[in-house]
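**Student:** Residue numbers (the numbering used here), protein chains in the order written: chain A, 1 to 223; chain B, 1001 to 1242; chain C, 2001 to 2047.
To be clear, the hints were calculated from the coordinates, so they are not data collected in a lab. Any given hint could turn out to be false.
[Claimed, not checked] Only part of the chain B face toward chain C is listed, based on derived beta-carbon distances under 8 angstroms:
#: 1; residue: P1113
#: 2; residue: M1216
#: 3; residue: L1220
#: 4; residue: E1232
#: 5; residue: A1233
Please read all numbers here as calculations on a predicted model, not as lab measurements. Glycine residues also receive a C-beta, built at the ideal position from the N, C-alpha and C atoms.
Chain by chain, the residues:
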Amino acid sequence: MTLAHQATLIARKDLLIEVRGRHAVGTLVPFAATVLVSFGFAFGPGRDLLERVAPGLLWMAVLFSAVMASRRAYQTESEDGALEGLLLAPIDKAAVFLGKAFAVTVELLALVVVVLLLVIVLFDLSVANPFLLLAAFVLGAIGLAAVGSLFGVVAESARTREAIFPLLVLPLVAPVLIAGVRATDLAAAGRSSEVLSWLGLLAAFDVVFLSVGVLVFGYLLED
Amino acid sequence: MAAAAERVLGKATSRTGEHLLGIVTFVALGVSAVLSLVVAPPDAVQGEVQRIMYVHVPAAWLAYLSFFVVFIASIAYLKTKKTRWDRVAAASAEIGVLFTSLAIVLGMLWGKPVWGTWWTWDPRLTTTAVLLLIYVAYLAIRRITDNPSRRARWAAVIGIVGFIDVPIVHLSVVWWRSLHQGPTVFRLGGPEIEGTMLLALLVAVAAFTIAYAYLMTLRLRVGRLEERAAREALSPLVGAER
Amino acid sequence: MAPNAGYVIAAYLVTALALGGYTLRLFARARTAKRGARTIADRRRHG
C-alpha cells in the first residue's frame, strides 16, 4: 500500500468521523462566527476601519479555528486509545500525518466558505478576484493544517497542558498569516500580479512543512 | 580505583579548562568594551548611540548561532539517540533565549533614539522576536514533558522544524515591510562602516562567541549535575555502592 | 554628556547584567545540585 493510499484512508476515516459528528459545522463555524462578531465589537462600528482590516480579521478567525481543528483531529484518537492502535498498525507513520493534514485542510476550507460570506457581509470585503482569493485560502489552509497536524500529537498526550499547542503553532505559521492576509487584501482589490508572489510564498511554506512533517512525524509518535 | 582516579582527574582538568575559558571570556569582553566605547569613532549620522551596535549585533548573531546548534544537536539526537546531543540542545536553547532577549532589548534601546519609537516591525528584529517565541515553546515543551526520551524527541522535532521556519518567517516579514517604506532610513547598522568600527564589531562578535562557548561549558556541567541529583532523588532504595 | 548617552549606558549595563547574572545563576545551580545530590546520598547512607 503506497503512502498516498494509506494517507487517503486515514483522511477518509477522519472526514467520516467529522461528517457524522459534525464537529466543524457544530463547533468551528459558530466559534469563527463569534470571533468575527467580537472583532466587530472591538474595532467597529465605523465601517471604514473594519473594511480596512477585514482580511486580517478573516485570517485570524481561520487561524484560531485551525488550532481547534488540529487539536480535535487528535482528540478523537486519544478517546478509546485509538492512537495506540494507529501506532501498532503496519502503516507508515507519515501517512497518519498526511492523512490528518488533508482532513483538517478540508474542514478548514469548508469553514472558510462560511467565514468568507460572513466577512463580506459584516465587514464589506470586496472580492475583485475570487479565484486568486480562493487559491490563497487553499494554500493557507494546507499550511495551517500541516503545522497543526504535526504538533497536534503533542497537544493531545497526557500531562501536557493546553496552552502549549497554540504557543507552538502560532509563531511557526506567522508566514501563512502574513502572506495570506496580504494575498487576500490584494486579491480583494484586484491587483492580481502582486498576489502571485504571496501565493508563491504560501506554496513554498506548504511544500517545506509537508516534507519536513513527513520526515519527522514518526519521531513524535514513537514511544 | 584507577578508574575512579581517572574520573577525578578528568573532572579536574575540565574544571581548570572551564576556569581558563572564563578568564579568556572576561578579558575578551573587556577588550571589546574598550574598543567599542573608546577607540571606535562615533557615527557621523547617529552619534554615540550607534555604539549599541557593538553589543546588539553580536547578541543577535549568537541568538541565531545558538539556535543553529540546537538544530544540529536535535538532528544528531534523532539520528543517534545519544543523550549527549539532547543535553547540548537543551543547553544551547537556554543560552539562546538569553541572547535573543538581549538582542531584542538592545535593538529597542537603539531604535528609540534613532527611530523615535521602541518598535517599527523592522524585519530583523521582528524575525528575532518570532525566534524568541519558538525558543520559549521549545523550553516549555521540555519543562512539561515528564518522560525523558519523549521530552528529548519532541524537543528535537521542534528544534528542527523551528529552525527551518525562521528563514521563511524572515522572508515574509521583509516582503511585508517593503510595502511600507516607513522610517527605516536608519537601518540598525548604520549606512557606512569604516575601518576601526569594523574591527570593533569583529572583536565584539568574537568576544561574544567565546562567551557563548564558556556559558555552554558551564551549562553542560550544570546539566550533568542536575541530572545526577534528579537520579539520586528517584532511586531511594538502590544501596550505597554504585 | 552626549545626547542619548543614556541609551548607550543602559545597553552596556543590560548586557553586563544579563551575561554576568546568568553566569552567577549557573554557578548557584551547580552548587544547589551538588548539595542536593550529596544530601540525598547521605540520607540514604545514614537514614
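**Student:** Now tell me if each hint is right for this structure.
**Tutor:** Hint check:
This hint holds: P1113 of chain B has a C-beta 4 angstroms from the nearest C-beta of chain C, less than the 8 angstroms allowed. For M1216 of chain B, the interface hint is violated, the least distance from its beta-carbon to any beta-carbon of chain C being 10 angstroms, above 8 angstroms. At about 10 angstroms, the closest approach between the beta carbon of L1220 of chain B and any beta carbon in chain C exceeds 8 angstroms, and the interface hint on this residue is violated. Interface hint status for E1232 of chain B: upheld, as the beta-carbon distance to the closest one in chain C is roughly 4 angstroms, under 8 angstroms.
Evaluation of the A1233 of chain B hint against chain C yields a held restraint, the C-beta minimum of about 6 angstroms falling below 8 angstroms.
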